[in-house]
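Enquirer: Could you slot chain B onto chain A? The hints should help.
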Amino acid sequence: MSILVFVENADGEVKKTSHEAISYAAALAEKLGEQEVIALSIGTEVNDDTLAALGKNGATKIVNVADEKLNQGVIQAYTTVITQVMEKTNATHLVLAKSSLGDPVAARVAIKANAALASNVVALPDLSEGFKVKRSIYTGKAFAWMSLSTEKKIIAIKKNAIEVKEDGSDVTVERLEVPLDENDFNVNITKTEKAEGDVLLPEADIVVSGGRGLKGPENWQMIEDLAKTLGAATGCSKPVSDMNWRPHHEHVGQTGVKVSPTLYIAIGISGAIQHLAGVNSSKYIIVINKDPEAPFFKAADYGIVGDAFEVVPKLTEAIKAS
Amino acid sequence: MKILVCITHVPDTTSKIAFTDNNTKFDTTGVQFIIGPYDDYALARAVELKEQHGGSVTLLNVGTSATEPTIRKGLAIGADDAIRINAEPKDAFFVAKQIAKVVQEGNYDLILMGRESIDYNGGQVHGMVGELVGLPSIAPVMQLEIEGDTAKLAREIEGGKEFLEAKLPFIAGCQEPIAEWKIPNMRGIMTARKKPLEVKEPSGDEQMTTTISYEMPPAKGEVKMIDPEQVEALVKALKNDIKVL
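Protein chains in written order, with my numbering: chain A, 1 to 322; chain B, 323 to 567.
It should be emphasised that the hints constitute simulated quantities derived from the structure, not laboratory data.
These figures come from a predicted structure and were not determined experimentally.
There may be inaccurate statements among the hints.
Said to hold, decoys possible - So the derived list for chain A, only partly shown, Cβ under 7 Å to chain B, looks like this: (1) N64; (2) A116; (3) A144.
Claimed, not checked - Below, in silico cross-link-like pairs of lysine-lysine (PhoX-like), each with a Cα-Cα straight-line distance of 20 Å or less: (4) B:K561 with A:K228; (5) B:K558 with A:K314; (6) B:K546 with B:K561; (7) B:K565 with A:K165; (8) B:K565 with A:K283; (9) A:K283 with B:K546; (10) B:K347 with A:K132; (11) A:K314 with A:K16; (12) B:K561 with A:K314.
Note that the Cβ used here is the ideal one computed from N, Cα and C, for glycine as well.
Isolated chain A (complex conformation) (with noise of 0.2 Å):
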């Protein structure tokens, strides 16, 4: 009996959430009593030293499915990987994190695998009756428990919802080989576009956004000095995107990305219901709006009012000079 985790990595290093997914893997593990709890890697973009450093999230074993052909995310043929590694493993659960490519990978192996899913789940189950995670809902309006009846289960955690563990010990990397044919490979990749910016929107702990308050795309400098300050990544709101001032991956909302980091700064944004909507799992929201009507200032735990030209500029200062 195991516990998988499947690791995602992005630039040759293992991705924060899945840090996370590992760290819930292990609490998991000690409440239900398992012995093992397994890291699996797929593709070769990532170095034994950087997967064995695992064990310090609490994985005991990691297990690689180094085929250079896996280097990108083909969701069958990650399917076929994760199920076949299940099985092998004998995991009862998958844990991994909720994002573009584990939401289609997870579906799919819960139908393979015949494993229940749940997927945003913010907290460690209830074991008190059956096995019940809690899962947010409602773009993070509500949260709901949910009983999951199978004997495999798939738990996809959200984002920023799980404190990284970071006690444990390096542990040795193996090597595993999953036979793969021409099926699982039926969706071609044929161009990776990086967004710019050194911090990942979806990923960041600190997320800086602006709105039309901005006046246009030529003021967007103070975010990002702002954002650079503060090591954050930088959003907008949808009329913003829409208007083709930011490109559409910053678009924080309802329909665009939806964000949980522990700070969100909402520039020139009053706030409205689907941008409130995409960021209201963040921990702290500090708005900045000359309009003190501004609905945002409902939202948020600290608030300025003023005029973001006179106000950003200072406070990038202030924050320098702290």
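Expert: What follows is chain B alone, placed relative to chain A:
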């Protein structure tokens, strides 16, 4: 081209979320239901593809008769006909099984739906249907062009885009900006009344998960207002309270 578009019937994004019966049921009082926003984008792209390539767009919804106004709105936007599976959508697996049966019987070239519903936010159904019927599933799709029997797509990934090619048929979970959101016009609303809506009984009642109860997040405290001339007070909060500096 024969396109199937699966739509959800969900509370409007501005709805106040509340629960009744000791937090075991969603409170529908005063709630307006709409086509899921991501499904709306899928439908809009399906209508555009029909305009470009000919063919038909069939809507599919798993829901009770209460969802029919939502289905009619989809028909007004440009779908040709609709199927309603007469059942409460119990969980993602149950819904995926119902859709898979329609897909298997319908010989569709393309199956589109939203990347996720905005009530349960699972993002599971497209992948489950793909696995159940043995077709590729691609999500979240933000661009989709068809040339002959091949599709060129772009999928959103964390911090960028992935461009793909796939042979028809396949299943796509869509999101903006795949198409221009369409608002039904008066002619569409009038013709939608007469378009065929077939009601089918569900196949089986299997589900893998059951929602037991609901919970609301803790109430938000009062906002602390800071004088714009005193940004140092905010820096202090960033250091001492929020602890990000």
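Enquirer: The structure should be examined with respect to each hint, and the outcome stated for every one.
Expert: Going through the hints against the structure:
Hint status for N64 of chain A relative to chain B: violated, with the closest Cβ pair at about 21 Å, above 7 Å. Against a cut-off of 7 Å between C-beta atoms, the interface hint on A116 of chain A holds, since the closest Cβ of chain B lies about 4 Å away. Interface hint at A144 of chain A: satisfied, since its Cβ lies 5 Å from the closest Cβ of chain B, which is below the 7 Å cut-off. Among the hinted pairs, K561 of chain B with K228 of chain A is consistent with the structure: their alpha-carbon atoms are about 17 Å apart, no more than 20 Å.
Under the criterion of a C-alpha separation no larger than 20 Å, the hint pairing K558 of chain B with K314 of chain A is consistent with the structure, at around 14 Å. For the suggested pair K546 of chain B and K561 of chain B, the alpha carbons sit about 15 Å apart, so the restraint of at most 20 Å is met. Taking the CA atoms of K565 of chain B and K165 of chain A, the gap is about 19 Å. The hint holds against a cut of 20 Å. Straight-line distance between C-alpha atoms of K565 of chain B and K283 of chain A comes to about 11 Å, which keeps the hinted pair within the 20 Å bound.
The straight-line distance between the Cα atoms of K283 of chain A and K546 of chain B is roughly 15 Å, inside the 20 Å bound, and the hint therefore holds. Distance check on the hinted pair: K347 of chain B and K132 of chain A sit about 17 Å apart at the alpha-carbon level, within 20 Å; holds. Under the criterion of a C-alpha separation no larger than 20 Å, the hint pairing K314 of chain A with K16 of chain A is inconsistent with the structure, at around 32 Å. Taking the CA atoms of K561 of chain B and K314 of chain A, the gap is about 17 Å. The hint holds against a cut of 20 Å.
Going down the numbered hints, you'll see the structure goes against 1 and 11, while the others check out.
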